[in-house]
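When you line the sequence shown up against the UniProt record's numbering, it's residues 1 to 56, in that order.
In case anyone wonders, no lab produced these hints; they're calculated from the structure.
Do not take every clue at face value.
[To be verified] Cβ-Cβ distance ranges computed for the label pairs, FRET-style:
# : residue 1 : residue 2 : range
1 : 15        : 45        : 21 to 27 Å
2 : 11        : 45        : 16 to 22 Å
3 : 17        : 40        : 17 to 23 Å
4 : 39        : 16        : 39 to 45 Å
5 : 39        : 14        : 34 to 40 Å
6 : 40        : 13        : 32 to 38 Å
For every residue, glycine included, the Cβ atom is placed at its ideal position computed from N, Cα and C.
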Amino acid sequence: MAGAVALVSSVAEERGRQLSPQQVRELLVRTGQPQVDPTDGNIGPMPDLKKAIAAL
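Taking the hints into account, I'd like the entire structure generated from these sequences.
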């Protein structure tokens, strides 16, 4: 997850946008893929970096 946050933040900065941690989280949740039948409990959606970057 930390890598996804760093990548999205870096791309946003390259595009002249400064995202708060909350904005990055909301973007990753909104564009992520839901877990399918999680065995260890639902911890949230899986990041979809292509969708997240496209949504910037």
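Hints versus structure:
no.: 1; hint: 15 <-> 45: 21 to 27 Å; verdict: holds (23 Å)
no.: 2; hint: 11 <-> 45: 16 to 22 Å; verdict: holds (19 Å)
no.: 3; hint: 17 <-> 40: 17 to 23 Å; verdict: violated (34 Å)
no.: 4; hint: 39 <-> 16: 39 to 45 Å; verdict: holds (41 Å)
no.: 5; hint: 39 <-> 14: 34 to 40 Å; verdict: holds (37 Å)
no.: 6; hint: 40 <-> 13: 32 to 38 Å; verdict: holds (33 Å)
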